[in-house]
Each structure stands twice: as C-alpha cells, then as structure tokens.
Amino acid sequence: MSAKIDFSKVSFLVVDGDKISAQVVFDTLSYLGAVSVRRVGKPEEAFRILRTQQVDIIITEWRLRGMDGLEFLDSLRNSTSSPNRFVPVIMLTAHSEQQYVTTARDLGITEFLAKPFNAKALYSRLVSVITRPRHFINTSTYFGPDRRRRQVPFDGPDRRGTDKRN
Amino acid sequence: MNEQKLPKVQIIPPRTELKQRAVNFTKGFDVDLAPEQLEELEKVVQRSSDSFVRSIGHDLTESRQLVIDAIGNADLRSAAVEKCADLAYSTKALGGTFDYPLMTQIAKSLEIFLAGRTTANRRQLMVTQLHIDAIYVILASRVTGFGTSIEQATTVALAKLAARYAEPRE
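Going line by line, the protein sequences match chains A and B. So the first sequence is numbered by this note's numbering: it starts at 1 and just counts up by one. So the second sequence is numbered by this note's numbering: it starts at 1 and just counts up by one.
Worth double-checking, as some hints may not be accurate.
Stated by the list, open to error - Pulled a few chain A residues facing chain B out of the computed Cβ check, cut under 7 Å:
id : residue
1  : Ile20
2  : Ile49
3  : Glu97
4  : Gln98
5  : Pro116
Source of the hints: derived by calculation from the structure; they are not laboratory data. Predicted model only: the values in this text are computed from it and were never measured. Think of the CB as a built atom: it goes at the ideal place given N, C-alpha and C, for glycine as much as any other residue.
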C-alpha cells in the first residue's frame, strides 16, 4: 500500500499580488482537497493571518508590492516578532535566475519553484515539504532549513570547519 | 595566539507534526501520482487559461495606450514604465504555464529591458510598444508553443532591439 497525502488536513497561505497566478495555485490546492487556503496580495496581510490562524505551508511570490517576497521571508525567519519562524515556505516566482535561487536559499526558503510552472512541479514541492521535513539550522548568520540537500559522505571531526577552510 | 572561534551551530530536529497529520495509507493523493492523475491536475491549471487570456488582453490594451500617451507627454513616462514592467513580469510568469512559451520569451525580453528603470525616453518607449504589440499578436492569434521560425526570428530581433536601445538607464 502506498503512502497518501490528505491535503484536507493542511492549511495554506498564498501570498501573490497577481490574481491569475494566485487563482491557479488556489484551484490546484482545492482540487487536491485542501479546504483551508487563504490568498493575500501583500506580506502585511500575510503576517496578520499568521498571527491569528494556523498556517502549515506558505506559497509566496518574490515580486510583491511594498515589502517584497524576500523581505517577507527575512522577517518571517529572522524577526523576533515573527509569528512562525519554522513554517515551510515555497517561493513560486518568475525570478528564476541562479542568483535569485541562491539568495532565497540563504534567507531560509524551503522550496523554490520557477514560473512558468506546471502542476507536476508544484505537486512535487508540496509533497517534499510535507513528507520530508528538514532540520533547521541556527547560526549567527543563518536561520532556516538545512541547505544541504545531498548526502555527501564526510570522514572527519568538523565538516563546517572544512567547508570554511576550502 | 588568538584563535578565532568557529560560530556555534544549533541543529534543530525537523518538525514532524505536519507529516503525521497529513500522511496516511487510506485517504488522499498518492505521493507518486499516476500519469492519469497528473493529467487531471494539469487540466485544473489549464482551466484558468481563459482568465489569463482575458486579463493579459486587458492589461496589454491599457499598457499600450499608456505608452502611446507617454511618447507624446514626458510627465506620463514613469507611470507607463511601471505599468509595462508589471505586465512584462506577469506575462513572463504565466505565459508558459498556459502553453504560450513564445509570449514568455518576449515578455522576458521586455522585463530585462525595463528592469530598474524609473522612466524611459521616446525611443525606449517605442521599443516597449513593439514588445507589447508582439505579445498582443501572439495572444490574438492564439500562437501556442514556440511558433514558427518566423516568430522565433521576430523574438530574437526584439531582444536585439532592446539590447541596442538599453542605454541610457534612468
């Protein structure tokens, strides 16, 4: 018997100023059986919801009015007043060049998905977030999900120290 | 000798409540969707195609008029540039999702051209207008896929034109 995901037990918050884009994500989640899907266009509204309701997964665009998606992520992960520093965040954005991916990763994004996207890619990110929760790393310069995805064998006392020297 | 201490790293175990709540063996969608299920899911996305076409069509008309007005009136230029940059981004973002990858290519060219600009000169507005017209033709003629060699050549030509008139940036 294969594992299944009951999306009706997952609450989502979609942060995207583009109505069509937000609608596509909403329709996809609804089809999957999600019953708690909130849509907002601005990070300020997202914070308001995060303070009052349970949100399991955030799907956000990078390009937003006012505070952009990256500042939103930064506040979410690093602000002392953040309502939920550990919430998984999927960044769904047309800013897909490598430097954007790296920047988002270093600010604590959980998954990155480039627009234009297809349903399969969105589904795989959702599955990953739910079925493979990651360690969180807290250092003086980073707070967020473990950025190492590959399991690289290491034989030694201090891999991070080695990373730094190399 | 002062040895610099390495920063302390705190590793916090993953939170598993969400997984425990949502993953089961009886109800919901398979972790690995069957091809037919994926096809169904794709159809859900495509249902928004008409809304996309209507929305982009409306924005194109509005942006085109703003650009035409701005060509003759320098005071309107920053508003026109802002609106066109928004249009370029949303078209680039969703064109490919709805099987308009050519539209995404042209929108990307326009987005790069307008990136970081607060205003544009007359020639730059005309380059913007050509991009908008090209996107409009793709939309009106329902050119899905990557188009013919002529359409591809037009896209390349637009990108070259944009590169030629990219300066000055202000």
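Query raised in the report: Is the interface hint for Ile49(A) satisfied, with its Cβ closer than 7 Å to some Cβ of chain B?
Result: Ile49(A) check fails; min Cβ-Cβ to chain B is 17 Å, beyond 7 Å.
**Report entry** chain B contact restraint for Pro116(A) - C-beta distance below 7 Å
**Finding:** Constraint on Pro116(A) satisfied, holds at 3 Å.
Query raised in the report: How about Gln98(A): closest beta carbon in chain B under 7 Å, or not?
Result: Hint violated; Gln98(A) Cβ to chain B Cβ min 15 Å, cut 7 Å.
Requested in this report: For the hint on Ile20(A), just tell me whether its beta-carbon gets within less than 7 Å of chain B.
Outcome: 5 Å, holds
Query raised in the report: At a threshold of 7 Å, is the proposed contact between Glu97(A) and chain B supported by beta-carbon distances?
Result: 10 Å, violated
Going through the hint list in order, the structure does not satisfy hints 2, 3, 4.
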